[in-house]
Amino acid sequence: MKLPTTPGAYQPGNMGVNPRTAGWKSKAPVLDAGKCDQCLKCWIYCPDAAVEVTADKVRFILDYCKGCGICAVECPTAAISMAGV
Amino acid sequence: MGEREELYRLPREELLSGGHQGISGYGGTIAVRQALKALGPNTVIVVPASAVATVGGLNTSTAWRIPFVHSLFECAPAMATGIRAALEIKGKTGVTLVSFAGDAGSADIGFQSLSGAAERDEDIIHVCYDDEAYLNTGGQAGGTTPAGAQTVNTPQGKPTGKKDLLSIIEAHGAGYVASASIAFPLDFIAKLRKAKERKGFRYLHILTPNPATWGFAADQTIHIARLAVDCGLWPLFEVEDGGRRVTYAPVRRVPVADYIRAQGRFRHLTGDQIAAMQAQVDASAGGGR
Ligand SMILES: Cc1ncc(C[n+]2csc(CCOP(=O)(O)OP(=O)(O)O)c2C)c(N)n1
Ligand code: SF4
Ligand code: SF4
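Protein sequences appear in the order of chains A and B. As numbered in the working numbering, residues 4 to 88 make up the first sequence, in order. As numbered in the working numbering, residues 128 to 416 make up the second sequence, in order.
Keep in mind that the hints were calculated from the coordinates and are not lab data. Incorrect hints may appear among the rest.
Computed, partial: chain B to chain A, Cβ under 8 Å [as the list claims (entries may be wrong)]:
no., residue
1, G145
2, H147
3, T187
4, W191
5, Q267
6, T281
7, Q347
8, V378
9, R379
10, R380
11, Q405
12, Q407
13, D409
All of these numbers come straight from a predicted model, not from anything done at the bench. Built from N, CA and C at the ideal position, the CB exists for glycine as well.
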């Protein structure tokens, strides 16, 4: 038996599309790429899946980032600073 | 393999999408993200009423990319047990069944179903993420809130101590029991991977500090989690078929006061009270190093 569902509802991960959390932050991380040695610590500690790793380089997804600053505190090379938005 | 290589080998895929409703710096979703790196897509997760259950659903949207069941408060392990039975009847193998509950959903209101599943050796993994309060309803004290902690309903500090759920589940004879910390993701992930390879009941308990209720700035979540381990209050260990092993021992312990003084919920504690906590840690197994 197939149960009725609301069209378009509850697609896997659809909360990540046009997230409402983008405007929650007062600060955002800024990367000094020259200092980053791609250790991935910011990636594994971020609560919001807001650090993306592509071609071994990290980048922040500001739509997801809530500006907590954990990445800046945990970065071993101080490559991340928090700036007002 | 070094830490860096191990991190590079973890799957990049995010099975809990960004954009979820967790508050800034929330330890619970750090635990979920790290757990899903080990559990992978072939997982069904059952989460009872709690902050983690709430942050992943909003109107008609979900942050989850794996099957997610929002159970009643009392019964996440029982629901996971039932789903396992249904999958067995349908002949579906290779699915990891996880009940992922807060400390109240594990140690207090959810305790009977957790205890039952452990005793019956059900083929599920239970993860307790412990923010040491009832976060979803405003941060009330519960069984796992530590002695002295101020909460909305213990304004002078909790008079009794933290319920030791790890020992309680160990006493059920569970095949695999482990503590974990969000500050030590590779340790947590290795334990979950080990748990995933086993059959029967498996239990992990991860400490997930929360900025607002513990009283620290949102960027300190991992730092506080690490201090809990490094001061000896939250030792990292596993018990596999009765064999106990410490999985991480701090090279040099930091004073308990460093952990306590960093949190607003303990701000009223006196030097003597903190010294008594230090003496307790020193006297506990492996202490005094
Ligand atoms: C039987 C029942 N009692 C009370 C509640 C209200 N309630 C929902 S979540 C919650 C607290 C959850 O605490 P915990 O399990 O520690 O998870 P946290 O929110 O701290 O992550 C309470 C009291 C409920 N949903 N069902
Ligand atoms: S933690 Fe710092 S050094 Fe490591 S990847 Fe992130 S920005 Fe780069
Ligand atoms: S500030 Fe917080 S949410 Fe934003 S990328 Fe850093 S850790 Fe993630």
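Structure-based check of all given hints:
no.	hint	in the structure
1	G145	holds, 3 Å
2	H147	holds, 6 Å
3	T187	holds, 4 Å
4	W191	holds, 7 Å
5	Q267	violated, 23 Å
6	T281	violated, 26 Å
7	Q347	holds, 7 Å
8	V378	violated, 17 Å
9	R379	violated, 19 Å
10	R380	violated, 21 Å
11	Q405	violated, 26 Å
12	Q407	violated, 29 Å
13	D409	violated, 29 Å
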